[in-house]
Amino acid sequence: MTSKLRRAHKYIWLLLIIIVPLIMVFSIKNLEFLVSKNNTISSFNSLKKGSINRSENEIIKGTVFENYVEIILKSTLKNSSSVVYEMDEKGHKFNVIGQLTTAGIYNFNINNLPKGIIIYDAIKHVEITKISFKWD
Amino acid sequence: MGLDYQFVLWNKYKKTYDKMIAAGISLYIILFAVITLIFNSETTIETLIIRAFGSLAIIMLHIILAIGPLARLNKGLLPILYNRRHLGVSMFIAAFIHGGFSIFQFHALGDVNPIYSIFTSNMDYGSLTNFPFQVLGFLALLILFVMAATSHDFFLGNLSATIWKRLHMMVYFAYALIVAHVFLGSFQQETTTFTIGITLIGFILIASLHLITAFKEHTIDKVKTEEKDGWLEVCNISEIEEDRAKIFTIAKERVAIFKYEGKLSAIHNVCKHQGGPLGEGKIIDGCITCPWHGYQYLPSNGQSPPPFTEKVATYELKLTGEIVYINPKAFEEGTEVKPCNL
Chain A
79 MTSKLRRAHK YIWLLLIIIV PLIMVFSIKN LEFLVSKNNT ISSFNSLKKG SINRSENEII
139 KGTVFENYVE IILKSTLKNS SSVVYEMDEK GHKFNVIGQL TTAGIYNFNI NNLPKGIIIY
199 DAIKHVEITK ISFKWD
Chain B
802 MGLDYQFVLW NKYKKTYDKM IAAGISLYII LFAVITLIFN SETTIETLII RAFGSLAIIM
862 LHIILAIGPL ARLNKGLLPI LYNRRHLGVS MFIAAFIHGG FSIFQFHALG DVNPIYSIFT
922 SNMDYGSLTN FPFQVLGFLA LLILFVMAAT SHDFFLGNLS ATIWKRLHMM VYFAYALIVA
982 HVFLGSFQQE TTTFTIGITL IGFILIASLH LITAFKEHTI DKVKTEEKDG WLEVCNISEI
1042 EEDRAKIFTI AKERVAIFKY EGKLSAIHNV CKHQGGPLGE GKIIDGCITC PWHGYQYLPS
1102 NGQSPPPFTE KVATYELKLT GEIVYINPKA FEEGTEVKPC NL
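Respectively, the protein sequence lines represent chains A and B. Under my numbering, think of the first position of the first sequence as 79, with each following residue one higher. Under my numbering, think of the first position of the second sequence as 802, with each following residue one higher.
The set of hints was computed from the structure by calculation and includes no laboratory data. Keep in mind that the hints are not guaranteed to be accurate.
[What the hints assert, rightly or not] Straight line, CA to CA, 20 Å or less: simulated EDC-like cross-link-like pairs of lysine to aspartate or glutamate:
#1 A/Lys82 - B/Glu1134
#2 A/Lys82 - B/Asp1022
#3 A/Lys156 - B/Glu843
#4 A/Lys202 - B/Glu847
#5 A/Lys107 - B/Asp925
#6 B/Lys1083 - B/Glu1042
#7 A/Lys202 - B/Glu843
#8 A/Lys88 - B/Glu1054
#9 A/Lys82 - B/Glu1054
#10 A/Lys202 - B/Asp912
#11 A/Lys88 - B/Asp1022
[To be verified] Have a look at the derived ranges for each label pair, beta carbon to beta carbon:
#12 A/Ser133 - B/Thr844: 24 to 32 Å
#13 B/Thr844 - A/Trp213: 36 to 44 Å
#14 B/Ala823 - A/Lys152: 38 to 46 Å
#15 B/Phe956 - A/Lys152: 50 to 58 Å
#16 A/Thr80 - B/Asp1086: 25 to 33 Å
#17 A/Tyr146 - B/Ile836: 37 to 45 Å
#18 B/Asp1086 - A/Lys82: 28 to 36 Å
#19 B/Ile836 - A/Asn157: 16 to 24 Å
#20 B/Asn841 - A/Asn190: 35 to 43 Å
#21 A/Asn157 - B/Pro880: 45 to 53 Å
The structure presented is a predicted model; accordingly, all values stated were derived computationally and were not measured. We treat Cβ as the ideally placed atom computed from N, Cα and C, and that holds for glycine.
Build the full structure now, drawing on both the sequences and the hints.
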C-alpha cells in the first residue's frame, strides 16, 4: 500500500471506532434496555399506586388504571401482528386499543374498565393470548 | 496475471480454496438449520433461510476484513489473501439471499413497490431503537453488489487501480451499516443480548486488528535514516536473503531491495495491480513476483515482462564494503537502472 492508502485506512478505522460505539451506546440508552427489565419486575411485586386491577399469564401482565391499561409483554412474540383488544363480557374481542411489537411496557388509553385483554394476530386470524380481570 | 480476461482465473490452489469456502458454507447452513429446528421447531423455512444466510454473510465479512491486517502481521497468511476476492463474492451471494428473502417476506406482499416499502414501511427515522434497520441492510447490500460486480480484473484494468481501490474501500462503510443493521434489528426482534454481544465482540476484534496494523505501519513510516552525500544507509548485505528483498522506508514510501544472481536492484514496493507489497514476494523465473496475485516485474527496470505494461519506479543502489546504500530519489516508472553487482 502507498502511504496515502495506509493513512486513509487508519483514519477510516479511527472514525469507525468512534461512530459505531456511539450508535451502540445511544441505542441502548434510547431503549433503556436494563431499566425496562427492572421495571417489569418491580411493577408486579406490588400493586402499582393508582392501579385498580391486574392479571397476568406466561406471556403478558396487565394492570388497569383509572383511564389506561399497562401491558407488559414478557418476551417478543413470533407473530408478525399482535393487536391488543379489550375483551367483552362473553370473552370475545371488542375494541382495538393498540398494538404490541417487541418485549416491553405499553400503556394504552381506555374509556371503560375492560373485562380482559386479548392479543390477536390480525394476519393469521388467531388469538395469541388473553387475560381476564375480575371485577366485584 | 493473465494476458486475456477470463471469467474466473482458476488454478489448482484457487480451486482448493474455493472448495474449502463451499464446504464451509454448506457446513454452516446445515448446522444452523439443524440447531434451529432442534431449539425452535416452529421456525418457517423463509425465516430459517433469512437468518442462516444473514448470519453467514456477517461471519464471512468479519473473516474478509480480518484477512488484510492478519496477513500484514503474519506473512504465512498471505495465501488466504490471494483468494479473498472469491470469498468476497461468496459473501455477497449469501447477503443477497438474506436480503432477497427478507424483501420478499416483509415487503413484496403489499400493494407498493417492495423497494419503496423498505424505505417507507417504518418511518420512525428519529428513533434509534425503532429505526428502520432494514434500510441500513439494503444500502449495505447495494455497496456489496457494486463491489462484487466490479471485482473482476476487467474492471480493475478499466477503472484504474486508484478508482477501483476507492470503490472497494467502501466495504468499511458497508461494514458500519451492517453492524448498525444487526445491532438495531436485534433490539427490535430479540429479547436476548446474544446477537448484540456477538456483533460487539466481532467489531472490537476487527477494529483492534486494523488499528494494531495501522500503528505498526505508522511506526515503520516514522523511521528516519541519515542522508550522507545523497545516499541513505539501508542494511548489511547479509541481511537480504537470495531472491528475496529488504523493505526500506523513504519519506513514508516503501522500497523493496532485491538480491538475486549476485546483483541488487531496488523498486517501489507497491504492485500496480492492487497495491500488494512486492518486497514480500520473491524472484521467480527472473521476475519479482507479487505475493498477492502473482503480478511480475523485472528487477532492473520495474517493468512487467512484455506483453504486460505495468511498471513501477526504480532506485539507484551502491555497495560500500558490505553496506547497501540507496539514492532516495526515485526514477520514472519503468526506468532501467544498472543493478549493483555484489
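Tested hints:
1. Restraint check for A/Lys82 and B/Glu1134: satisfied, since their Cα atoms lie roughly 18 Å apart, inside the 20 Å limit.
2. About 11 Å separates the Cα atoms of A/Lys82 and B/Asp1022, which keeps this hinted pair within 20 Å; it holds.
3. Annotation: proposed proximity of A/Lys156 to B/Glu843 holds, straight-line Cα distance about 9 Å (limit 20 Å).
4. With a C-alpha separation of about 16 Å, the suggested pair A/Lys202 and B/Glu847 falls inside the 20 Å cut-off, and the hint holds.
5. Distance hint between A/Lys107 and B/Asp925 is fulfilled; the C-alpha atoms sit about 17 Å from each other, no more than 20 Å.
6. A C-alpha spacing of about 10 Å is found between B/Lys1083 and B/Glu1042, which places the hinted pair at or below 20 Å, so the restraint holds.
7. As the CA atoms of A/Lys202 and B/Glu843 are separated by approximately 15 Å, the hinted pair is consistent with the 20 Å bound.
8. As the CA atoms of A/Lys88 and B/Glu1054 are separated by approximately 16 Å, the hinted pair is consistent with the 20 Å bound.
9. Taking the CA atoms of A/Lys82 and B/Glu1054, the gap is near 9 Å; set against the 20 Å cutoff, the hint holds.
10. Between A/Lys202 and B/Asp912, the direct Cα distance comes to roughly 18 Å. Compliance with the 20 Å bound is thereby established for this hinted pair.
11. Taken as a hint, the A/Lys88 and B/Asp1022 pair is honoured in the structure, with Cα atoms around 13 Å apart against an allowance of 20 Å.
12. The beta-carbon spacing between A/Ser133 and B/Thr844, approximately 31 Å, falls within the hinted interval of 24 to 32 Å.
13. Checked against the hint of 36 to 44 Å, the pair B/Thr844 and A/Trp213 passes, with Cβ atoms roughly 40 Å apart.
14. Against the hinted window of 38 to 46 Å, the Cβ-Cβ separation of B/Ala823 and A/Lys152 comes to about 42 Å, which satisfies the hint.
15. Taking the beta carbon of each, B/Phe956 and A/Lys152 are about 52 Å apart, inside 50 to 58 Å as hinted.
16. Between A/Thr80 and B/Asp1086, the C-beta spacing of about 27 Å keeps the proposed range 25 to 33 Å intact.
17. As the Cβ distance of A/Tyr146 to B/Ile836 is approximately 42 Å, the hint placing it in 37 to 45 Å holds.
18. The supplied range of 28 to 36 Å is met by B/Asp1086 and A/Lys82, whose beta-carbon atoms lie about 32 Å from each other.
19. Look at B/Ile836 against A/Asn157: about 23 Å separates their beta carbons, and that is inside 16 to 24 Å.
20. Checked against the hint of 35 to 43 Å, the C-beta distance between B/Asn841 and A/Asn190 comes to roughly 39 Å, which is consistent with it.
21. Checked against the hint of 45 to 53 Å, the C-beta distance between A/Asn157 and B/Pro880 comes to roughly 49 Å, which is consistent with it.
Hint compliance for this structure: no hint is broken.
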